[in-house]
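Student: Given only the sequences and the hints, what does the whole structure look like? Please build it.
2 protein chains.
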Amino acid sequence: MKQTLITAVALGLALIFNDLAMAQTTDPIPSWNDGKAKQSIIDFVKKVTKKGSSDYVTPAERIAVFDNDGTLWAEQPMYFQLLFALDRVKALAPEHPEWKDKEPFASLLKGDVKDALAGGEHAILEILMASHAGNTTEEFEKIVKNWIATAKHPKTGRLYTDMVYQPMLEVLTYLRANDFKTYIVSGGGIEFMRPWSEQVYGIPPEQVIGSSIKTKFELRDGIPVLVRLPEINFIDDGAGKPVGINQHIGRRPIAAFGNSDGDLQMLQWTTAGQVPRFALYVHHTDGEREWAYDRDSSIGRLDKGLDEAAAKGWTVVDMKRDWKVIYAPVKR
Amino acid sequence: MKQTLITAVALGLALIFNDLAMAQTTDPIPSWNDGKAKQSIIDFVKKVTKKGSSDYVTPAERIAVFDNDGTLWAEQPMYFQLLFALDRVKALAPEHPEWKDKEPFASLLKGDVKDALAGGEHAILEILMASHAGNTTEEFEKIVKNWIATAKHPKTGRLYTDMVYQPMLEVLTYLRANDFKTYIVSGGGIEFMRPWSEQVYGIPPEQVIGSSIKTKFELRDGIPVLVRLPEINFIDDGAGKPVGINQHIGRRPIAAFGNSDGDLQMLQWTTAGQVPRFALYVHHTDGEREWAYDRDSSIGRLDKGLDEAAAKGWTVVDMKRDWKVIYAPVKR
Chain S
250 MKQTLITAVA LGLALIFNDL AMAQTTDPIP SWNDGKAKQS IIDFVKKVTK
300 KGSSDYVTPA ERIAVFDNDG TLWAEQPMYF QLLFALDRVK ALAPEHPEWK
350 DKEPFASLLK GDVKDALAGG EHAILEILMA SHAGNTTEEF EKIVKNWIAT
400 AKHPKTGRLY TDMVYQPMLE VLTYLRANDF KTYIVSGGGI EFMRPWSEQV
450 YGIPPEQVIG SSIKTKFELR DGIPVLVRLP EINFIDDGAG KPVGINQHIG
500 RRPIAAFGNS DGDLQMLQWT TAGQVPRFAL YVHHTDGERE WAYDRDSSIG
550 RLDKGLDEAA AKGWTVVDMK RDWKVIYAPV KR
Chain A
250 MKQTLITAVA LGLALIFNDL AMAQTTDPIP SWNDGKAKQS IIDFVKKVTK
300 KGSSDYVTPA ERIAVFDNDG TLWAEQPMYF QLLFALDRVK ALAPEHPEWK
350 DKEPFASLLK GDVKDALAGG EHAILEILMA SHAGNTTEEF EKIVKNWIAT
400 AKHPKTGRLY TDMVYQPMLE VLTYLRANDF KTYIVSGGGI EFMRPWSEQV
450 YGIPPEQVIG SSIKTKFELR DGIPVLVRLP EINFIDDGAG KPVGINQHIG
500 RRPIAAFGNS DGDLQMLQWT TAGQVPRFAL YVHHTDGERE WAYDRDSSIG
550 RLDKGLDEAA AKGWTVVDMK RDWKVIYAPV KR
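Protein sequences, first through last, are from chains S and A.
Sequential numbering of the first sequence, starting at 250, is according to the working numbering.
Sequential numbering of the second sequence, starting at 250, is according to the working numbering.
Honestly, the hints are just simulated from the structure, not real lab data.
From a predicted model like this one, the values you see are computed outputs, not experimental measurements.
Check the hints yourself; a few may be wrong.
Copies of the same chain look alike in the list, so a pair counts if it fits in one copy or across any two.
Claimed, not checked - Keeping only pairs whose Cα atoms sit at most 30 Å apart, straight-line, the calculated BS3-like set for lysine-lysine is:
1. Lys561 <-> Lys363
2. Lys339 <-> Lys580
3. Lys573 <-> Lys295
4. Lys404 <-> Lys569
5. Lys300 <-> Lys394
6. Lys363 <-> Lys404
7. Lys430 <-> Lys295
8. Lys430 <-> Lys394
9. Lys295 <-> Lys363
10. Lys300 <-> Lys430
11. Lys561 <-> Lys465
12. Lys296 <-> Lys391
13. Lys299 <-> Lys430
14. Lys300 <-> Lys391
15. Lys561 <-> Lys391
16. Lys553 <-> Lys569
17. Lys351 <-> Lys569
18. Lys349 <-> Lys553
19. Lys463 <-> Lys430
20. Lys463 <-> Lys299
21. Lys363 <-> Lys296
22. Lys404 <-> Lys391
23. Lys465 <-> Lys363
24. Lys391 <-> Lys430
25. Lys553 <-> Lys465
26. Lys285 <-> Lys351
27. Lys295 <-> Lys285
Tutor: Take a look at the structure:
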């Protein structure tokens with residue numbers, strides 16, 4: 250009996266050693282073409298995980314933050330959460346007969362999205378509040394889960410969760426395999442991302458940071474609920490991202506990944522720390538396989554960020570050149 | 250060589266099995282006297298960790314939340330953070346000659362704490378803002394670390410971190426050993442607790458939720474800083490606790506520990522979930538070893554909570570009867 254156990258353990262050990270040997274030769278991020286961008290990621294991870302090195306960072310401090318829209322999944326022709334809001338307004342219209350004569354809803358319900366959004370920030374805010382508030386957190390979670398499981402992108406016909414970037418999924422997995430804690434830090438809604446972030450990105454709800462509306466605790470027939478109010482609580486974008494990071498994490502990340510000027514302050518905040526730091530911009534250069542846009546785009550504008558990345562030596566990913574594939578394989 | 254390895258592994262395994270055997274017979278929370286309170290904690294942990302049982306909860310969902318003041322450390326004769334604020338006002342007085350003629354500062358600087366606080370919430374808010382805002386997050390962290398390492402409690406003469414409850418430290422450790430994630434959810438300041446919570450409680454900064462003032466991102470000579478503004482951001486007390494839990498964690502805890510009516514909504518929110526839930530109130534009954542107070546106390550009032558605990562069968566800890574010791578041993 251004891252001999253059997255020892256044999257089993259020896260066999261187990263042999264398998265473990267084999268795995269370790271494999272890990273050293275297997276490409277950890279295979280969807281990346283060889284080049285400066287890929288090498289910079291691997292070099293950084295090796296550097297901070299090498300025990301005894303002056304660049305070594307303890308696992309507790311290995312915090313990596315990722316923007317979502319345009320960094321982990323696509324964001325054209327408009328932020329996917331806005332497409333969710335438009336669908337939601339249509340679904341709610343029967344309960345709101347007054348919307349027929351009230352902008353931005355009137356245009357929206359006629360199918361004139363462009364006219365509806367012509368009202369700018371104010372119009373968008375009205376649409377967001379009408380579509381996101383007025384329910385409980387549990388109800389909203391169900392609505393999001395149902396939409397994300399069924400709604401299709403107008404151009405690709407894919408589920409939105411099938412428009413996440415395969416090369417970035419590999420970076421997330423690679424970092425976690427090296428004891429990083431991976432966070433989303435997005436201008437998008439925190440409660441819009443949490444219902445699917447664990448399944449799609451492997452990022453649990455407590456590691457999702459985003460914009461939010463206020464909520465209020467109530468007892469309804471003795472049952473506690475959190476009611477979502479039509480009032481902005483926090484905008485997690487631009488200079489708000491370091492604020493959100495500090496509020497939720499309470500320590501400075503050592504690696505940050507973004508794609509737009511809205512991520513610039515997050516990258517500045519991350520790289521201003523004293524131990525080795527890493528910053529990366531995804532540059533949308535692939536008009537064929539995805540979308541090509543940067544300095545002049547109204548969505549995901551990357552202008553100041555490109556200049557600062559060049560000046561500071563941050564990694565800039567050329568999607569067309571650096572990525573073998575764009576989207577993760579469709580899951581059935 | 251191979252034989253040596255196998256022998257070493259066999260020896261290692263023997264030690265592991267020995268540890269496991271020990272764990273089953275060793276008391277996981279030895280500072281608790283036998284009784285209903287102790288048994289309820291152990292029964293709950295066994296129940297939710299037993300694979301195959303209908304009460305089994307996956308590790309990802311094993312979230313436990315703890316109030317801080319009066320639950321993990323003492324809170325008399327006033328919240329320790331208020332004592333920090335008073336010390337801070339004295340330290341800052343030379344830079345504020347106008348305080349000599351301005352309440353609540355004038356009374357405070359003359360040593361009349363009672364007069365200073367006679368202005369109620371408004372006076373306390375003025376003291377908190379004067380003592381907590383106007384610096385960067387990094388500067389404030391240093392100030393807190395220095396105070397917590399040196400300041401002594403007026404009655405016990407102990408460092409404040411030597412006034413944490415040994416029985417509760419054991420519960421934290423016991424839960425974590427069973428794959429729980431432990432969080433602080435306190436009415437106290439989030440940035441007041443984070444600098445020492447990991448060392449004292451084993452709770453990392455990203456698992457501390459508390460009240461906060463607003464912060465603002467700025468570049469100072471090209472260096473990014475977060476400036477602490479004299480403006481309330483969030484009050485994590487009472488009905489604010491479920492809001493804070495939802496904002497930071499995004500899922501419902503399965504266990505909650507508090508000591509006052511300010512924790513009532515947190516316990517309600519936690520126990521309203523569907524899988525097995527646990528709620529515990531620490532009742533301050535030991536006037537000799539600590540302080541005795543409940544329904545009539547202005548600090549840590551426990552009135553409605555006592556009634557609801559009785560009605561719902563929540564665990565109520567009688568500190569005098571249930572705890573062998575109060576404070577953790579003084580660390581040197």
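Student: Look at each hint and say if it fits the structure.
Tutor: Comparing the hints with the structure gives:
Taking CA atoms no more than 30 Å apart as the test, Lys561 paired with Lys363 passes in neither setting, with 38 Å inside one copy and 54 Å between copies. For a Cα distance limit of 30 Å, the shortest separation of Lys339 from Lys580 inside one copy, 28 Å, qualifies, whereas the shortest one across copies, 63 Å, does not. In the homo-oligomer, the alpha carbons of Lys573 and Lys295 lie at most 30 Å apart inside one protomer (23 Å), although the nearest pairing across protomers, at 49 Å, exceeds that limit. Taking the shortest alpha-carbon separations for Lys404 and Lys569, only the intra-copy value of 19 Å comes in at or below 30 Å, while the best inter-copy value is 68 Å.
Only between protomers do Lys300 and Lys394 lie at most 30 Å apart by alpha-carbon distance; the minimum there is 28 Å, versus 42 Å within a single protomer. When the C-alpha separation of Lys363 and Lys404 is checked against a cutoff of 30 Å, the pair qualifies only within one copy, where the shortest distance is 17 Å, while the shortest distance between copies is 68 Å. In this assembly of identical chains, the alpha carbons of Lys430 and Lys295 lie at most 30 Å apart whether taken from the same copy (16 Å) or from different copies (28 Å). With identical chains, the CA atoms of Lys430 and Lys394 are at most 30 Å apart both within one copy (25 Å) and between copies (25 Å).
For a Cα distance limit of 30 Å, the shortest separation of Lys295 from Lys363 qualifies neither inside one copy, at 48 Å, nor across copies, at 58 Å. In this homomeric assembly, Lys300 and Lys430 come within 30 Å of each other (Cα to Cα) both inside a single copy, at 18 Å, and across copies, at 27 Å. Only between protomers do Lys561 and Lys465 lie at most 30 Å apart by alpha-carbon distance; the minimum there is 24 Å, versus 44 Å within a single protomer. In the homo-oligomer, the alpha carbons of Lys296 and Lys391 lie at most 30 Å apart only across protomers (29 Å), although the nearest pairing inside one protomer, at 42 Å, exceeds that limit.
In this assembly of identical chains, the alpha carbons of Lys299 and Lys430 lie at most 30 Å apart whether taken from the same copy (17 Å) or from different copies (28 Å). For a Cα distance limit of 30 Å, the shortest separation of Lys300 from Lys391 across copies, 28 Å, qualifies, whereas the shortest one inside one copy, 45 Å, does not. For the homomeric pair Lys561 and Lys391, the shortest alpha-carbon distance between copies (29 Å) is at most 30 Å, but the shortest distance inside one copy (43 Å) is not. In this assembly of identical chains, the alpha carbons of Lys553 and Lys569 lie at most 30 Å apart only when taken from the same copy (21 Å versus 63 Å across copies).
In this assembly of identical chains, Lys351 and Lys569 lie within 30 Å of each other by CA distance neither inside one copy nor across copies; the values are 43 Å within and 65 Å between. Taking the closest pair of Cα atoms, Lys349 and Lys553 never come within 30 Å of each other, the shortest separation being 41 Å inside a single copy and 48 Å across copies. Taking the shortest alpha-carbon separations for Lys463 and Lys430, both the intra-copy value of 27 Å and the inter-copy value of 26 Å come in at or below 30 Å. Taking the shortest Cα distances, Lys463 and Lys299 never come within 30 Å of each other, neither inside one copy (43 Å) nor across copies (38 Å).
With identical chains, the CA atoms of Lys363 and Lys296 are never at most 30 Å apart, being 48 Å at best within one copy and 56 Å at best between copies. In this homomeric assembly, Lys404 and Lys391 come within 30 Å of each other (Cα to Cα) only inside a single copy, at 25 Å, whereas the closest approach across copies is 52 Å. In the homo-oligomer, the alpha carbons of Lys465 and Lys363 never lie at most 30 Å apart, since the shortest distance is 34 Å inside one protomer and 34 Å across protomers. Taking identical chains as interchangeable, the C-alpha atoms of Lys391 and Lys430 lie at most 30 Å apart whether they share a chain (27 Å) or sit on different chains (25 Å).
In this assembly of identical chains, Lys553 and Lys465 lie within 30 Å of each other by CA distance solely across copies; the values are 20 Å between and 38 Å within a copy. Neither within a single protomer nor between protomers do Lys285 and Lys351 lie at most 30 Å apart by alpha-carbon distance, with minima of 52 Å and 61 Å respectively. In this assembly of identical chains, Lys295 and Lys285 lie within 30 Å of each other by CA distance solely inside one copy; the values are 15 Å within and 51 Å between copies.
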